[in-house]
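Q: Sequence:
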Amino acid sequence: MHSEEGQLPEADRPTDQPSAFENVTEDGGVRKKVLTSGFGDCPLLHSKCLVRYVGRLASTREVFLDTDVESRDHAPFQLIAGRESAAKDVGLSKAVQTMRRGEKSLIEVEPQYGYGSKGNFSFPSVPPEAKLIYEMELVDSEPVNESKERGEMLYEERLEAAERRRLEGNELFKAGQCRDALGKYALALSYVDEDFMMQLEGRHLAQAQAIKVPVHLNMAAAQLREKDPHTAAFNCSEVLQMDPGNAKAFFRRAKARHMLSQTELALEDIQSAQEKAPGDKSIAREAAALQRTIKQEKAAASKLFKGQFLSNKALAEIFQHGPDQNPELHSRKQLPAWQQILAAVQAWFGRLLRWQPNHQRAEA
Numbered sequence: 014m015h016s017e018e019g020q021l022p023e024a025d026r027p028t029d030q031p032s033a034f035e036n037v038t039e040d041g042g043v044r045k046k047v048l049t050s051g052f053g054d055c056p057l058l059h060s061k062c063l064v065r066y067v068g069r070l071a072s073t074r075e076v077f078l079d080t081d082v083e084s085r086d087h088a089p090f091q092l093i094a095g096r097e098s099a100a101k102d103v104g105l106s107k108a109v110q111t112m113r114r115g116e117k118s119l120i121e122v123e124p125q126y127g128y129g130s131k132g133n134f135s136f137p138s139v140p141p142e143a144k145l146i147y148e149m150e151l152v153d154s155e156p157v158n159e160s161k162e163r164g165e166m167l168y169e170e171r172l173e174a175a176e177r178r179r180l181e182g183n184e185l186f187k188a189g190q191c192r193d194a195l196g197k198y199a200l201a202l203s204y205v206d207e208d209f210m211m212q213l214e215g216r217h218l219a220q221a222q223a224i225k226v227p228v229h230l231n232m233a234a235a236q237l238r239e240k241d242p243h244t245a246a247f248n249c250s251e252v253l254q255m256d257p258g259n260a261k262a263f264f265r266r267a268k269a270r271h272m273l274s275q276t277e278l279a280l281e282d283i284q285s286a287q288e289k290a291p292g293d294k295s296i297a298r299e300a301a302a303l304q305r306t307i308k309q310e311k312a313a314a315s316k317l318f319k320g321q322f323l324s325n326k327a328l329a330e331i332f333q334h335g336p337d338q339n340p341e342l343h344s345r346k347q348l349p350a351w352q353q354i355l356a357a358v359q360a361w362f363g364r365l366l367r368w369q370p371n372h373q374r375a376e377a
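Note that this note's numbering has the sequence shown beginning at 14, numbered continuously upward.
Incorrect hints may appear among the rest.
Lysine-lysine pairs mimicking PhoX-like chemistry, simulated, CA-CA at most 25 Å apart [unchecked claim]:
1) K294 - K187
2) K144 - K101
3) K117 - K61
4) K131 - K101
5) K46 - K117
6) K46 - K187
7) K294 - K240
8) K46 - K61
9) K101 - K61
Okay, the calculated beta carbon distance ranges per label pair [as the list claims (entries may be wrong)]:
10) D293 - T73: 42 to 50 Å
11) T306 - K61: 46 to 54 Å
12) E35 - K61: 23 to 31 Å
13) Q304 - E239: 22 to 30 Å
14) E239 - K294: 19 to 27 Å
15) T306 - S203: 32 to 40 Å
16) D153 - T73: 26 to 34 Å
17) T306 - D153: 24 to 32 Å
18) L213 - K316: 49 to 57 Å
19) D193 - A71: 42 to 50 Å
20) L58 - T244: 21 to 29 Å
21) D193 - K61: 39 to 47 Å
22) R238 - S203: 21 to 29 Å
23) D193 - E281: 30 to 38 Å
Quick caveat, the hints were computed from the structure, so don't treat them as lab data.
Where a beta carbon is used, it is the ideal one built from N, C-alpha and C, also for glycine.
Could you put together the complete structure from these sequences and hints?
A: Here it is as structure tokens:
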């Protein structure tokens with residue numbers, strides 16, 4: 014069945030069948046119930062979204078904000094899809110990223126995604142620890158302008174640009190394209206470079222570090238897969254400077270140091286990781302692998318010092334009679350080359366010790 018000219022296909026038409034509430038965030042702090050379906054695709058991360066909404070207190074159903082009332086010309090309000098830095102609108106920003114153009118939904122927002130423990134005593138007036146309910150419509154959305162120069166970007170825009178590059182890198186990493194992923198991660202860090210970070214303090218510094226930490230962790234994961242433990246360890250150390258208790262950083266640095274045969278340092282890191290995340294199975298597996306390596310190293314060292322060198326008695330015989338007369342040395346001709354070389358060096362020193370006194374006597 015074909016649709017009439019100018020009409021949307023049946024599958025793309027909005028419907029008026031309400032859905033059940035679904036979680037927008039994993040912890041259920043933001044939930045959405047579709048009242049009227051929209052059409053088209055959901056906004057891309059950090060897209061500019063035009064919305065209309067009415068916000069109510071869940072406890073009393075009292076309206077604390079109506080965008081149509083507050084806007085002088087009834088123009089829609091603007092939200093940035095997925096923006097984390099706009100504290101009071103985080104719940105709405107996360108919800109709008111799941112909506113389609115023309116969609117109307119009820120949005121339930123717990124305090125941690127709204128006005129928090131302090132509330133808001135100026136306009137709009139929201140009491141502390143208030144759960145909120147919004148009825149919101151997505152009017153339209155516009156993708157982020159990627160052509161903007163880094164120096165022209167606002168603080169929020171730089172953080173968001175870094176986060177987009179990190180997510181792009183993650184997709185490449187999942188596809189096994191580690192080198193391309195590392196390029197995206199490096200680009201992400203360029204938006205939050207040292208000069209930028211030095212200008213920040215307090216909440217703004219904490220938000221920027223929250224962007225940088227997962228980038229460095231992702232880089233370390235890719236570098237471990239690419240057998241580059243030196244750089245992986247460096248990136249983990251960068252994380253620990255910003256977040257001293259990060260279990261993933263300790264874990265990945267332990268793996269890197271294990272690969273570098275720095276077993277004592279690796280053991281310190283894996284123990285720290287276990288303290289921070291005691292039930293983590295990946296950490297437990299690495300700890301077991303590291304213990305096996307340490308056990309093998311101890312066994313090899315014990316064997317080396319207990320039986321791999323010529324005995325003192327055999328060495329004395331070499332000094333007296335030379336290597337050809339020593340039965341122990343003859344018995345070792347089937348040993349590995351490095352041990353034969355060691356025996357030959359010992360024999361040479363024996364000859365030198367015998368020769369030098371005779372030489373000195375001849376001069377006398």
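Q: Per the hint of 32 to 40 Å, is the separation of the Cβ atoms of T306 and S203 within bounds?
A: 37 Å, holds
Q: So the hint says 42 to 50 Å: do the beta-carbon atoms of D193 and A71 match that?
A: The hint (42 to 50 Å, Cβ to Cβ) holds, given that D193 and A71 are roughly 46 Å apart.
Q: Take a look at whether the Cβ-Cβ distance between L58 and T244 falls inside 21 to 29 Å.
A: Since the Cβ atoms of L58 and T244 sit about 28 Å apart, the hinted range of 21 to 29 Å holds.
Q: Do the Cβ positions of Q304 and E239 conform to the proposed distance bound of 22 to 30 Å?
A: Cβ of Q304 to Cβ of E239: about 26 Å, so the range 22 to 30 Å holds.
Q: Is it true that the CA of K294 sits at most 25 Å from the CA of K240?
A: 22 Å, holds
Q: Is it true that the C-beta distance of T306 to D153 lies inside 24 to 32 Å, as the hint says?
A: Once the Cβ atoms are compared, 58 Å apart, the range 24 to 32 Å for D153 and T306 is violated.
Q: Could you grab the alpha-carbon distance between K46 and K187 and see if it respects the 25 Å cut-off?
A: Violated: K46 and K187 sit about 31 Å apart, past 25 Å.
Q: Quickly compare the C-alpha distance for K46 and K61 to 25 Å and report which way the hint goes.
A: Distance of about 22 Å is within 25 Å: holds.
Q: Look at the Cβ atoms of D193 and E281 and judge whether their distance stays inside 30 to 38 Å.
A: Check passed, 33 Å falls within 30 to 38 Å.
Q: Take a look at whether the Cβ-Cβ distance between E239 and K294 falls inside 19 to 27 Å.
A: 24 Å, holds
Q: Please work out if K117 and K61 have their alpha carbons no farther apart than 25 Å.
A: Distance ~17 Å between K117 and K61 Cα, so the pair holds.
Q: Given a hint of 23 to 31 Å, does the C-beta separation of E35 and K61 actually sit inside it?
A: With Cβ atoms ~25 Å apart, the hint holds.
The structure fails to meet hints 6, 17 and 21 from the earlier list, while all remaining hints are met.
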